[in-house]
Every structure is written in structure tokens, then in C-alpha cells.
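Trainee: Protein chains in written order, with the numbering used here: chain R, 61 to 374; chain S, 82 to 370; chain B, 2 to 523.
Because the hints were derived from the structure by calculation, they are not lab data.
Quantities reported herein were computed from a predicted structural model and do not represent experimental measurements.
Ideal Cβ positions, reconstructed from N, Cα and C, are used throughout, including at glycine.
Worth double-checking, as some hints may not be accurate.
Residues from chain S shown here face chain B by an in silico Cβ test under 10 Å; the list is partial [what the hints assert, rightly or not]:
1) Thr137
2) Gln139
3) Gly160
4) Phe164
5) Thr206
6) Leu210
7) Val213
8) Pro320
9) Gly326
10) Ala329
11) Asp330
12) Phe334
13) Thr337
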Amino acid sequence: MDRFAYILRRLVQAIPVLFGVTLIVFFMIHLVPGDPARTMLGVHATPKRVAALHREWGLDRSVPEQYWIYLKRVLHGNLGTSLFYRVSTASLITGRLPVTLWLIAYGTLLSIVIALPLATLAATRKDRPADQAVRAVPLVGLGFPPFWLGIMLLLAFGLHLGRLFPVGGYGNGFVGHLHSMFLPALTVALGISPLLIRSLRASLLQVLESDYVTTARSKGLSERRVLARHALRNAVVSTVAVLGVNIAFLIGATVVIEQVFALPGIGQLMLNSIFQRDFPVVQGVTLVFGIMVVLVYLATDVLHSLLDPRVRFD
Amino acid sequence: MAIAVAEGAVDEVAEHRGGFRRRWYRTPAFVAGVLILGTVVAMCVAAPVLTSQSPTHQDLNHILASPSAKHPLGTDQLGRDVFSRILYGGRVDLRVAFLAVLLPFIIGTTLGCVSGYYGRFYDTTIMRLVDVVVAIPVYVLIIAMVFVLGPGARSIYIAITFVGWVSYARIIRGEILVAKRQEYILAARAAGFRDGRIITRHLLPNVVTQAIVYAMSDIVLDILFIVTLGYFGLGIQPPVPDWGGMIADGQAFLTTNWELSTIPGVVVVITALGLSLIGDGLADLLRPE
Amino acid sequence: MKVTAPVVLLVMCLVALAAGCGGSGGGSSGGSGGSAGTPQHGGNITIGWSAEPQSMDKENVFDNQSIWVLEQIMEPLYTVSPDGKSVKPWLAKSVTLSPSKTTYTFHLRPGVEFSNGKKMTSADVKFSIEQTKATGSQGWGYLDSAIKDIKTPDPETVVIDTKYKWAPFMADIALFANGIVPNHYGGETAKEFYTHPVGTGPFMWGHWTHGQELVLKRNPHYWQKGKPYLDQITFLTVTDTNTRQLQLQGGQEQIDQFPDWQTVNTLKSTPGITMSLFNSTRTDYTMMNERYAPLADVHVRRAISYAIDRNAIIKSVLFGHGQPANSFMPPQVPFYDPKSPGLQYNLAQAKAEMAKSKFPNGFPVQMLVGAGVADEKSIAQIYQQELAKIGIKVTLKPVDPSVEFSDEQEFKYQLGLSYWTMDIADPDELVTFAVVPSAGAKSFYTDYNNPDVVNWTHTAEKTFSASGRQDLYSKIQAQAAQDAFMVFMYYSPYRYAYTNKLHGFFVYPTGNFHMEDVWLSH
């Protein structure tokens, strides 16, 4: 019961958080110089044309007034119209969200596939060569810039080692997505797995060296089962924790990866809109981004508390 | 929450200061890390001795040159000596990355202590603040900074501080939530010790180790952040050389002169390796017997 | 932690290096993409390019990506010739000019249909041009401002009267913005219409998934019988140049627009790829804001112009694919003067000019650079080094592209990089933009004002004799060069890499291309 109350409380608290975020971003992006009208018109901008676009877009009013209008619209579920693409912001976002979600989900899955066996190997053969090798991976892996890694993978697997994968792009259909998104997802996975390996190994070690394992062994239970039951549970706890904490970083990393692999995702949309000062889209994506992050953090905390009995709510 | 617990935090919280000096040279990870990082730092500091080339002088008639006696690592797209740019760039990047970690560390640890120890209202407020900060897209922030303060190191420090304290706060808070229920702490409170003393003398020394370990990987993350900013043209500005700018510049040449991006990339990886080894070593060292 | 970690590190680096090593292409020269045999019908192609189009509203849109797409759908009465210097009949088969030189009678080509099967008539032409004109100075209408009225005596004839003698008129009519659409937008509002425009062009609207792809399909009613050869064109936005190139090499794209300069030579020798450099009207300049005191001094500007080694920039930034500019007008424009005395690299002269100026000991100056724009970053750093030799200290001010434009247009800059490509086959649009301070751009945002040059510009607009106009434009170019109101840097070609199975692909000096001529060999 006390958990439900907590969740409810957090959700209610999320509202002022989102309000705060959109407020801050709105004012930041409007007060920073750079005019979407001039960007759109480029060399052909004249004061008259610029003024006309400003009128059309409602940019000729004061910033607080614009925020008020924006707020009213959002409360009616209207995220406005993109200044550049002239279609509704909501349609742009819903069109691109699946791509980014695919990337994050696929990447997370791959990272677990990579990290779990390696961490298990390391934990069960602690301090021996296998362990050392596995411990080296995070140390080296953390230093690679994602965009560089992405291009290297493209060069290697998309081109030179036999054109196994399409060079960028999202692909068509479920299988098409699996194929096209493999390299970008791998880049994401290689980026997070160092952290995951480290924490999985640590928690597995904890379990292996802990009391209930010794007890279980003394009771004659096979090591495999012991490992499986307790270790797995702790592993899930760690994974959830690491991923949850890093979700914001993850979403940020997808911006670069989307650029390299030409994926029409939300990260790319955000970046282009910031550079073009496409205000409605920046606001819309910020809101969506904010909601995602808040929900993921909440889910992480709750899941964690469900799985780890030592944690209590204040 | 108990993220830190999952990270392999200590179960038994025993005081063990003094163990550090005793064992450091016997911890291979720590030693290796210090050696690697030390070499990198030493080379950057000794740059004027190691190379006579200027990192900013352009020789437009000898761009993209192969390694030679004069240019041990060749030249870049504007004819500048790559080796000297690596050394001088290292000075900039290492300095920025190290300094950028300090404020978030201090602010985050402080807020984490308050949040974890006092709980209730303080906890709620600080954690909601964490939510807000985390939800703001970093790139909007950095562009705003670039406008207000101009591009370059200063904006980077401020942006990193604004966003970076969050991880420390969460880690410390998690540690304290668990640690404050330990018997000896409860005893101290019962004995009437002041909160401040309990926090600084008893809790902090034990929980701060996680933050220090994290700080090592945070420096690595900062270096990567600077590099990624360079990719978008918002990082350290020319003509000041820096590894991020070199990787970003070289990115356009990935299919023709891949070494321009790879060499600084490898240097970043090696530096990161050194830092991570130190972090691992510290984690080993500061773990109780 | 002893031995294994460094070994692992080494192995990983080697893998990475191996991946990179295979990079530069080698082998026999790629096949030629020129006219090779008879055109074959059928095939879909994908064009990979660097930016997303904004909209198909030809009356109001200014970015090249949008223009190059909508030109495949909507066509004008006349169109630019392949050398960029004149116009040739297109939807109109001929035109007669009255002796007063203010009335143009167009005879429309018979049998032209829109992609929905309806015949094109003079009513459609009148509507289309009037709509564009009505946008006034907000859209492209300003180029139609010389038009007084349009009459349609019969379905195949259009008569246009101009308010005054206007030499650039035929070039203006050939502008894409004057393309022909159905009368009254076929019953829709302009906004609705332009989400799926209908025209007489070789391709018709398919669909547009924003941020991903824009697809055009073959128009079966196209007036050039037998064309287009292709069934479908997909325009794909791929911002990363490496990815674009790899997609071409991997067969996912057939055309790669604007590969990086440093990859041009590699692509030339990659089997299966044709790397073409087309003559263009692109000219790159450095703008000097005369509102900043030192730059108002003509000797300072001349010194800066003399101090820049254009060949060095062309070699290191363009990898040799360009030539120094001697005029603010490019060679592909009518009335360009090859003898125009644009200042070229001469360090001694640069120092002499500085000595003659009011700032003989130099001065500090700020240069705007677009963040993330690799070429601009390199050029700006070269400027830093070269201007330092005459005592001018350049600090770089990197700003994101949105700010770059705004700042330049609001004169909040000192030195800035810019360029121009022609939209029409007539110098007037560029010249007015560049040297007339009362025109919208205030002399390319420099405030340059030379009354003689302004007078010559206005006179040239009313002069119909070719030699007369040439004379005037030569004078304008010579004076502009003496005044060094901008640093004329270089002319560079349009670069496209495409599969050698593609033929007939040609890029006009105005930057556009006629996809109806393109075919794939199977």
C-alpha cells in the first residue's frame, strides 16, 4: 500500500517537474539569438519577409505571452506546428519516436547479451586470466567516442567485410529493422556494456561470496541452481539500476548515433530543431523527452525496491 | 535508492583510514593506472621538450603528410604537426576534464548527504530537482551557454556542473540511506552527537569512496562529452588544439586518412584506461578487509 | 590486470585499424557515366543528400533542396540552357517581343498535359504567374515585379506586358517559381495543393515521410514522349557525409550529392562509381562589414584581399577542385568578364596597402564561423594565419548556423563567410543583391556604396543590346574589384558521385538537374 502511495506521490510530483523543464527550455531557446525565419530564408531574407514569417508564427509577441499561448495549447493536447516542415509537431514526433525506441531497446538487449555471459565468466573465475580479460573490456570500451565507433563498424561490416549490413537507414518491416538497426544498436550496446559488465560482475561476486550461497551449498544444492536463482535476481537489480541511471545519457548518445547511421529518430529531430530554432518542435520533443525520463526513473526506483529488500522508502 | 548497493557497495561499514598508505603499491590495478596516466600527463607537460613543432602553425603545402623525421605522426588537413597537437591538446583536455569534475563532486556529494540523511522534505525537493535537471536536453543547455558565455572551456565547465552533480547526489544518497541504519550510527545519534559531526566524521569517509570511484569514470565521460561537443562544433575552439577537435576534424577524413581521428581516439582510450584502472584500484583499496 | 589487459587493448586497436585500413579505394578507374548507348527504360533510384527539403511551395520557398525537388514536378515556360548563359523554350515553344520591348507573346507548346491528364492552357499560365507575382517581396514575386498584366487571347497564347523595358525578363520567366500549376490550384487552397503539387513535369508526387524520404513517381502524361526513363526517384536525407558515401558504395543510393572534397579523388578511382564535377555558378566570398571602421577603409579591404592566398585554400580545403575568383560574378553567368581585375594573392602589395591605410599597424577583427561546418572552420583558421602577416589579428567567433545568418543579416559581424549560386540566367539578381545598398541585402550585408556602380546596375536592367550590357557589367565588375568590397575567394564545381550504371545525369550551372534525361543501365 505504501508503495502505491509512493508511486502516486511521485507521479503527482512529476507534473511540476515537467512544467519546470518546459518553462526553462522555452525561455532558454527563445532568448538565445538565432532566428528561425532568417535560417529558413537564408541568403534571401529581407526584413519584410522575416517580419511576415514572424507574424505568421506568432513570434512578434512577447516571450511570456508566447509561453502562455504555448501552455494553453499543450493543455488541450496541441503541440503546435513545426515552423520548418509545416506539419504538426505531434505527427513529427510520433513518426520518429519508434526509431529511437527501437534503437534504445535493441541496444539494451544486445548489451545484456554481451555483458551477462562475460560478467558471469569473470565472477565465477575471479582473479584468473579470464576475469582479467573481461575486466579490461570496460576499461578500454569506455574510452571510444560513439560516433567514431559507429563509423568504424559501418566501414567494417557494412562495406569491407562483405556488405553484411545496410549502410545506415531504418529498413522496412520487423525483420528489416532488425537487420538495418543491428550496427547502430551494437554501437549503443558497446557503449553501455562496460558499465553493465562492471556492475553485474560486482553484484554476482557479492552473491557468490554471500551467506545464502554458502548456506545453500551446505544444503547440497548445486552451484548452478544457486547461481541462477540468487545471482540472476541481483543481476536484474543491477542492470535495472545501471540502465535507469544512465537513461538520460543513453538518449543523449542516440543523437550522435542517429546522425552517423542516418536514422530518422527523435534525437536527430531535436538537434536539427535546436539549430534551426524550430521552437514548437524543440518544446514538443523536450516535453516528450522529459516524460520519458521521469517515467523511467520512477520505474527504475520502484522496480529496484521490489527486487531488493534492503531498500526502504522514507 | 539503493543503486549504489547494486554497484557493489560495502555491506560492513567499518572505519579503515590508514589502509590506503599501507597497501597502494601492492594493488596492481592502481599502480598500472597511475603509471599509464602518469606517463600521459608527463608527456603533455613536457611538450616543449618533446617537440619543437608548433601545434598551430599551418603548412598549407604539406597537408596530410605521412610520418617523417620532422613530423613523427604526420600532419593534419591544415599541415599542422599531429604529434605536437596531441601533446598540447592533452594539456587542455586533461585540465578541463579534471577541473570539470570538482564542482559537481562537491555539490553533488553535499546535496546527496543532505538528501539521504535528513530525508523527507529535503529529500523530496532535491530528488525532484534531480528529475528536472536530468530531463533538460543537454544540447539546449550547451547552446544557450555558448551564446551567453561564448564557446570554449568556460561554457563546458558550467554545463557539466549544471548536469553532472546529479550522479554524485544519487550515489551518495543511496549509500547514506543504507549506511545511516548501521548500528554504530544509531548509537552515535542516541548518544546525542550532532548531525554535522556524524555526517562528516562517520558517514562521509565511508560513503565518499563510491563517489571517488565514480569520479574517475566521470572524468572519462567528461573527455567524451568534450569530444562529442567538438563533433557539433561547440567544443574547445580553434586555434587551441584539443583531442576532441582533432577527432571531429578527422571525422571528415575517415574514409581517406583514418589515422587523423584514430590517433587522438587511441590516446583518449589510453588515458581513459589509466583513469579507470585508478578507479578500480581505489575501489579495491578502499574496500574494507 | 597484468599482461592480459594491454593485450586486449592492443587487439582491439588492431581490429579498429584493420577496419579503417581497408578504407581508401583503389583499383581500375571507374566507368564513365556519360552518354553510353541508347537509354533504357525502367528502374528506381535513390538520391542521398545532405539536408531535408522544407516545402514544395515554389512561390515562397528558398532552400535548394526544396527547389531541386519541385522542379521535377512543375515547369516554367522557358528554362535555363545547359551553359547557364541563356534560356531555351520549354512549355512555350516560342516567344515574340514587340518593337516597344514591353510586350512578350508566348506561343504554348501544344499537347502539354498535367500529371492528372488535364490539358495545360493559357489560363493555367496566367494563374500561376499571377500567384507568384502576388507574393511580392515576401516570396519570389519581386522577380515578377516588372510585369504589368497577363492576357490570354486564346488557350495556346499568353501575352505579358511589362511596366517598363526590362532586360532580365526572359531569365525571370524561366525561374522555377514561375512554374505552371493548374488554374485555381485545381480547386484546393494553395496550402493543400503544395502538400501534393500537380504539374507538367516528368515526375509526379509520391509521398513524403518527413526526415526520411521523399518519393516521386513517373508522370505517364509527360509531354516529352518516351521520357522520363526512370520509374521512381527517392530523395533520402543523410546528413553524415561518410554515411552518404558508404551508402553509395554499398548500393543503397545511386547518387551521392556533395561528397566531401577530400574524397573526390578517391571516388574517381573507385570502380563502379562516376565522380563528376559540374560547372557551377557557385562563388565563395568573405564579406567585410563596412560598419566596422577599419573595414570601411578601401586600402584595408584591398590589403585583406591581397593577403589571402586563394590557391593555398583551394589546395587544402577543396583539394585542388576550384579556381581563384576574379570577380563577384561566376564564369557561368552571362556578361561575366574574364578580365575583371579581382585582386589576387600578393603579400608585398598587401603590406603596401596597409601602409597606405589609416590602420598601418593592424587591428583586431572577429570572424564568424558556422559551428560544425568543416570548410568554414578550415578557411577561418587559414585566414588567421595569413592576416596575421599584415598585422591583423583574427579571432574566430563560432556560432551555430541559425545565428550565423541572423548576425550577418543584422550586420552583427565583422568578417563573415558566404556564397552565392545563381537562380536565373541573368546577372541582375546577383548584382542588385551584391552592390545596391538600397536593395534588401544592403550590398550583400556590407553597406558597400559606390554611386557609379549603382547607376550602371540600374541602366543595365533597361539595356537590351548585348554589347551594351556587357560594357556596363564589365565596368561594374572592374569597379567592384578595385573597391574590393568583398574578398572574392574561389569558384568551385558541383560535385556528385553516382553509380556508373547511371547515365544522362547533368547538373546545370544553376544547380538544378533534369531527371527526365536520366536512365539506368540494367
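Trainee: Using Cβ atoms only, decide whether Thr206(S) comes closer than 10 Å to chain B, and label the hint accordingly.
Mentor: violated, 34 Å
Trainee: Report holds or violated for the interface hint on Phe334(S), using the least CB-CB distance to chain B and a cut-off of 10 Å.
Mentor: holds, 6 Å
Trainee: Is the interface hint satisfied for Gly326(S)? The criterion is a beta-carbon contact with chain B at less than 10 Å.
Mentor: holds, 9 Å
Trainee: Holds or violated: is there a CB of chain B closer than 10 Å to the CB of Ala329(S)?
Mentor: holds, 8 Å
Trainee: Would you check whether Gln139(S) satisfies its interface hint, that is, whether its CB is within less than 10 Å of any CB in chain B?
Mentor: holds, 5 Å
Trainee: Are Val213(S) and chain B close enough, Cβ to Cβ, to be under 10 Å, as the hint says?
Mentor: violated, 25 Å
Trainee: Against chain B, is Phe164(S) within 10 Å by beta-carbon distance?
Mentor: Not OK, violated: Phe164(S) not within 10 Å of chain B, min 18 Å.
Trainee: Does the CB of Thr337(S) sit less than 10 Å away from some CB of chain B?
Mentor: holds, 5 Å
Trainee: Min Cβ distance, Leu210(S) to chain B: is it shorter than 10 Å?
Mentor: Where the cut-off is 10 Å and the nearest Cβ of chain B is about 28 Å from Leu210(S), the hint is violated.
Trainee: Report holds or violated for the interface hint on Thr137(S), using the least CB-CB distance to chain B and a cut-off of 10 Å.
Mentor: holds, 8 Å
Trainee: Holds or violated: the hint that Asp330(S) contacts chain B, with Cβ atoms closer than 10 Å.
Mentor: holds, 7 Å
Trainee: Holds or violated: is there a CB of chain B closer than 10 Å to the CB of Pro320(S)?
Mentor: Since the shortest Cβ distance to chain B is 6 Å, the answer is holds.
In terms of the numbered hints stated before, the structure departs from hints 4, 5, 6, 7, listed from lowest to highest.
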